[in-house]
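Given the sequences, and given the hints that come with them, work out the whole structure.
Protein sequences, first through last, are from chains C, G, W and H.
Each residue of the first sequence is one higher than the one before, counting from 1 in the numbering used here.
Each residue of the second sequence is one higher than the one before, counting from 1 in the numbering used here.
Each residue of the third sequence is one higher than the one before, counting from 1 in the numbering used here.
Each residue of the fourth sequence is one higher than the one before, counting from 1 in the numbering used here.
It is possible that some hints are incorrect.
One copy or any two copies: either way a pair holds, since identical chains are not told apart in the list.
[Stated by the list, open to error] Calculated lysine to any residue pairs in the SDA-like style (CA-CA distance at most 25 Å, straight line):
| # | residue 1 | residue 2 |
| --- | --- | --- |
| 1 | 188 | 279 |
| 2 | 188 | 280 |
| 3 | 3 | 26 |
| 4 | 3 | 93 |
| 5 | 188 | 226 |
| 6 | 188 | 37 |
| 7 | 188 | 93 |
| 8 | 251 | 230 |
| 9 | 188 | 44 |
| 10 | 251 | 281 |
| 11 | 188 | 281 |
| 12 | 188 | 282 |
| 13 | 188 | 50 |
| 14 | 188 | 92 |
| 15 | 251 | 92 |
| 16 | 3 | 88 |
| 17 | 188 | 76 |
| 18 | 188 | 38 |
| 19 | 251 | 113 |
| 20 | 3 | 63 |
| 21 | 188 | 137 |
| 22 | 251 | 66 |
| 23 | 3 | 187 |
Hints are computed from structural coordinates only; laboratory data are not their basis.
Computed from a predicted structure; not experimentally measured.
Number of protein chains: 4
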Amino acid sequence: MIKVAIVGGTGYTGVELLRLLTAHPQVELTAITSRALAGTPVAELFPSLRGHCDLAFCEPDPEQLGACDLVFFATPHGVAQAQVPALIERGVRVIDLSADFRLQDIPTWEQWYGQQHAAPELAQQAVYGLPEVNRADIAGAQLLACPGCYPTAIQLGWIPLLEAGLVDPEQLIASAASGASGAGRQGKTELLLAENSDNFRAYAASGHRHLPEIEQGLRRVQPDGSRAPRVTFVPHLLPMVRGIHATLFAKLQSSESTQELQQLFESRYRDEAFVDVLPVGSHPQTRSVRGTNMCRISVMQPQGRDTVLVLSVIDNLAKGASAQAVQSMNIMFGLNETLGLESPALLP
Amino acid sequence: MIKVAIVGGTGYTGVELLRLLTAHPQVELTAITSRALAGTPVAELFPSLRGHCDLAFCEPDPEQLGACDLVFFATPHGVAQAQVPALIERGVRVIDLSADFRLQDIPTWEQWYGQQHAAPELAQQAVYGLPEVNRADIAGAQLLACPGCYPTAIQLGWIPLLEAGLVDPEQLIASAASGASGAGRQGKTELLLAENSDNFRAYAASGHRHLPEIEQGLRRVQPDGSRAPRVTFVPHLLPMVRGIHATLFAKLQSSESTQELQQLFESRYRDEAFVDVLPVGSHPQTRSVRGTNMCRISVMQPQGRDTVLVLSVIDNLAKGASAQAVQSMNIMFGLNETLGLESPALLP
Amino acid sequence: MIKVAIVGGTGYTGVELLRLLTAHPQVELTAITSRALAGTPVAELFPSLRGHCDLAFCEPDPEQLGACDLVFFATPHGVAQAQVPALIERGVRVIDLSADFRLQDIPTWEQWYGQQHAAPELAQQAVYGLPEVNRADIAGAQLLACPGCYPTAIQLGWIPLLEAGLVDPEQLIASAASGASGAGRQGKTELLLAENSDNFRAYAASGHRHLPEIEQGLRRVQPDGSRAPRVTFVPHLLPMVRGIHATLFAKLQSSESTQELQQLFESRYRDEAFVDVLPVGSHPQTRSVRGTNMCRISVMQPQGRDTVLVLSVIDNLAKGASAQAVQSMNIMFGLNETLGLESPALLP
Amino acid sequence: MIKVAIVGGTGYTGVELLRLLTAHPQVELTAITSRALAGTPVAELFPSLRGHCDLAFCEPDPEQLGACDLVFFATPHGVAQAQVPALIERGVRVIDLSADFRLQDIPTWEQWYGQQHAAPELAQQAVYGLPEVNRADIAGAQLLACPGCYPTAIQLGWIPLLEAGLVDPEQLIASAASGASGAGRQGKTELLLAENSDNFRAYAASGHRHLPEIEQGLRRVQPDGSRAPRVTFVPHLLPMVRGIHATLFAKLQSSESTQELQQLFESRYRDEAFVDVLPVGSHPQTRSVRGTNMCRISVMQPQGRDTVLVLSVIDNLAKGASAQAVQSMNIMFGLNETLGLESPALLP
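This is the structure:
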């Protein structure tokens, strides 16, 4: 059994981790911290966990965390970089669901997050936790940076095309939309049901923090990596709870048929348990992955022109955060990669 | 392994059964029938099942069904009563999720469903599948009638009060609301998203088919059973997918304190894995049971007056249909009652 | 033209007032106050008003307010009672949309709102603004207390029965549900879309502040008024923006036929522009009154038993708040009661 | 008063026309036809119109329609082209909300709609009813083809850029999303609330019928019109009722600053009552135009790169259909263009 603790469990990635870890056959959950709610039973905050989790939130205790095999951080950015170094020193492995260790270029991180990075050297060591790209590195990682939700959906959608050098990396366009759980559990007027139900809007269109992560990830998968990808990325807020849908446009550099594109995607993801390439002509639906670690993808070539369209859906809290973290945990600890992640989506 | 078939799997109770049975460790799913879609892969209709179910819908074949240990009917009313007798004769056990065998009084059934009952003698043998009331009978059932969604939420809410004789059975009021999946997967204008989103309405307030089932069930649990319960039952349609919320009012016949009521409920359901009595002062939320077989219940006494209020929530497709059917299957086949039904709710 | 100001215009009743008053042919809107947003253009906060309202929020200025014919208060409770006395003294008429002057019994008010009332004598003078009950008093009111949303839907549903003495006033049961806009525009976790979409729950079931207002109103309309009504009132939160649906149960004291009940309602509301009694067998939908001052009502007698069921719907921000305030304004200033309130509902 | 009839009033564009026309001060509504519902009062189908419309649906009667000044067609494609010629001959003016007369190239129409066009010569005479582009022609039109919903939002978003020749017309990308009312009122499984709530998906991504209309419209506004625009257009279905949001990407051919782009848009639409260019940095919300004839637009240049991003929102049933039809009617009959279209949006 892996001894596990969660730092910062009162948000949506926290409760999703709890849902998955309490049911995981190889995990012993020993602590879940929250300064604000220390002493409150977890199941009081999240009644869905009544009968599944007997823990109460507790103050973070270095001794307790240090005695774990693995600590998840489900905290706002800035927290993990302050607390992780001490854990790493003690030999504890860490999976950080926040943005703290996703970017390797520290000035870029500091520019987008508006603060100094507290552990720049660790950022260099951190392994980016997208198993479909760097499974081997994940296996040996001590510090794992779990990808953002948009970056997961978008990278998985474009990776086959960029690896094969089929599209112009400087003309990438991503129009993506997320359910409101992606914006977190904090009480903000702009996230109220009364503000967002029967409503749709873009946000942060002039620059979203996931942009540099997307461009970093796409750069790595190119055959030579010399051309810096340029992505126009527009996120939107959907009047629903869970799900990310990425609508991805790229310019073909050579003439490929729809069949060839389909085969490229199918062959790229043949051995991936959590990426499902849909048949030609399908449109993936976010509900088809609700609550699961799946990414479902369609590729098409509208009107037979030179723009290749990829549609990619994930659950923002699952493959976009907590379930992908569990997938990486499975890899890090030599377990079957799908352990605890086998349930089909809840549909309808 | 239990050899199982599903008759009529293209509706929402069908896909929910598939979600649960494909993940059930003791079930071998051998066939799922649909005349209209025979030949179509199940996962084409329900993309959430891609990778989980390789079956295609097939024509119902008496030989194939007859070779099963258990056949589920997830069909509109009228279908099971025509096909079940032949299966029963062959010794196959049957769980019917439709209304065909829920009422033991045949004239009542015929009045509410507007047609002649095709197997009235079987209706007498059928066991009503509410494990919290008649677990022992379920264990030995050959034909099990799975309760309706509203009747499950409502009976579980009132059973402790009626068993204890604390309330007037002739003054029962149930105001209940269901997510739209309760109305089925048929294309009807009145069920469109454009008709129901940002909208709320009652329906069938002058008489819903679940009323006689509710009254029949409540009659049985009374200490003497002599007084026929009279329920005013008003169902409503919620602008959401899953969940039933029952708001139940009854008149106390003696003076009980809130504490005594709370203790009554806690003690009644202490050994039930799927009924959760919330702490005093709580309000159950439908999402806290989403996708699960749980019923969560609160009991209170507003203003300390003589009306006792019970709030009861279930997932209409799970405890209100398919998961409850699996619970009964577990009992019928001597398995652990919670097998395959352990996952926490998807929240948010 | 009536010179009008609004105190506290940043909430939902505020923006709804602005929507109605900017289009009202007899109103000159001179000021809208907000300490927090003073200086911010109204249309910046509410882009729906771009091109319709050129005002900016301003600090409340006693001189400016004192020069108005009418001041609306769209503030949290406690604010109006502090500021209204000075305006009344200057001869300004006031319509208060908050709860400050709805209850005439001050100890009751203080008990439910947990604070001392700052203007108890004014509470006695205040006219309760339900035109269908006390239109004549409204015409001469200097201080008008606009009813709450639930109390409006519930009183209009029961008034015909209580006026006629047909039902037992001590056995009234109201199960009601509101869209999330009823809970206001403040950023609270429990009002997030991610917490409430695809979810339904009761709240404040052991006692909601609208209860004493409902019981006060129902007492007044009884033929003798001697029996204090006792209402069990359970509010619920709907996963939608606008609309209140009240499901009302009462016990008939004599035997009335459905036809007689229908006629009673039709005759009671024949001359009311904003109460619409639906044909026998109908179920009102909240969307059928969206954005309007209408209340639509159905009355029925399920199973021909002795419980009379009334279904009543309003738009919580319109007939439940701002549009009803405008209706009262029209009466107070001798205008046609429907002026500025004629638009049909937005459906779908 | 303009004598008006509506052919085919049982769909959403029909009820929206009724909402607007019953409140229009210069319109006398004389008939609304529906073969299927002939005899049924309009207000029975659409309870929002109780008290606003006393008409019943009637069989289409050539004499009655022929006696009108104006007939609206709110029918599926194929109907208007069969019935319009007779009306035109009698001198009746016609506004067709269907797709029948939107495309001037008949082979293109026949290819996309899969049937022979019944009145190709009329298609040549028909005026395309986008007032912001061809107001003068609309004034004199006898037969007006009302634009589609997506084409309205998309053309208004791109027109300033194409007129000014600033972007490459062959690299246009439109990712757009519509509320479910855009798909009509027919009972189809794929439009159920239970299928679409908490779900998001693209559809018809390989080719939607609005594509040729968009490309036709964009071709016309170019300075020389010689380069055929090529648009990649991906529509999506939103879990909400009303609203279209278009996210538009184009490649700048010269270097413009954000300020210059903003000025271009503001100057282009300065005199348009129904196009609102938002301040720099804003993101339009669909709810800000709900129920209105407004189009709200933002323009930006993410990361200062060479892709110009335009966000454009309309109400698909209003500016995307019925309200735009009324706007054209106002122009055709010499009325103030905004008559009957002045109400602010319903927000929240």
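Pop the pair residue 251 and residue 230 into one bin, within, between, both or neither, using alpha-carbon distances up to 25 Å. Both: 12 Å inside a copy, 13 Å across copies.
Which holds for residue 251 with residue 66 at a C-alpha limit of 25 Å: within a copy, between copies, both or neither? Neither, since 49 Å and 53 Å both go past 25 Å.
Using 25 Å as the alpha-carbon threshold, which applies to residue 188 and residue 76: within, between, both, or neither? Cα proximity of residue 188 and residue 76: in one copy and across copies (15 Å, 18 Å).
Can you give me the call for residue 188 and residue 226, within, between, both or neither, at a CA distance of at most 25 Å? neither (42 Å within a copy, 47 Å between copies)
How would you classify residue 3 and residue 63 at a CA-CA limit of 25 Å: within, between, both, or neither? So residue 3 and residue 63 pass the 25 Å test inside one copy only (13 Å; across, 51 Å).
Give the relationship of residue 188 and residue 282 under a CA distance limit of 25 Å: within one copy only, between copies only, both, or neither. Between copies, since 18 Å is at most 25 Å while 37 Å is not.
Taking 25 Å as the upper bound on the Cα-Cα distance, should residue 188 and residue 279 be classified as within, between, both, or neither? Between copies only: 23 Å across chains, 41 Å inside a chain, cut-off 25 Å.
Is it within a copy, between copies, both, or neither that the alpha carbon of residue 188 lies no farther than 25 Å from that of residue 37? both (19 Å within a copy, 17 Å between copies)
How would you label the pair residue 188, residue 93 (within, between, both, or neither) given a Cα cut-off of 25 Å? neither (34 Å within a copy, 35 Å between copies)
Alpha-carbon proximity context of residue 251 and residue 281, limit 25 Å: This pair counts as within: shortest intra-copy Cα distance 19 Å, inter-copy 28 Å.
When Cα atoms must be at most 25 Å apart, do residue 188 and residue 280 count as within-copy, between-copy, both, or neither? Answer is between; shortest inter-copy Cα gap is 23 Å, intra-copy 41 Å.
Up to 25 Å CA-CA - residue 50 versus residue 188, copy category: Classified as between: cross-chain Cα gap 23 Å, same-chain 27 Å, threshold 25 Å.
Consistency with the previously given hints fails for numbers 5, 7, 14, 15, 19, 21, 22 and 23, ordered from lowest to highest.
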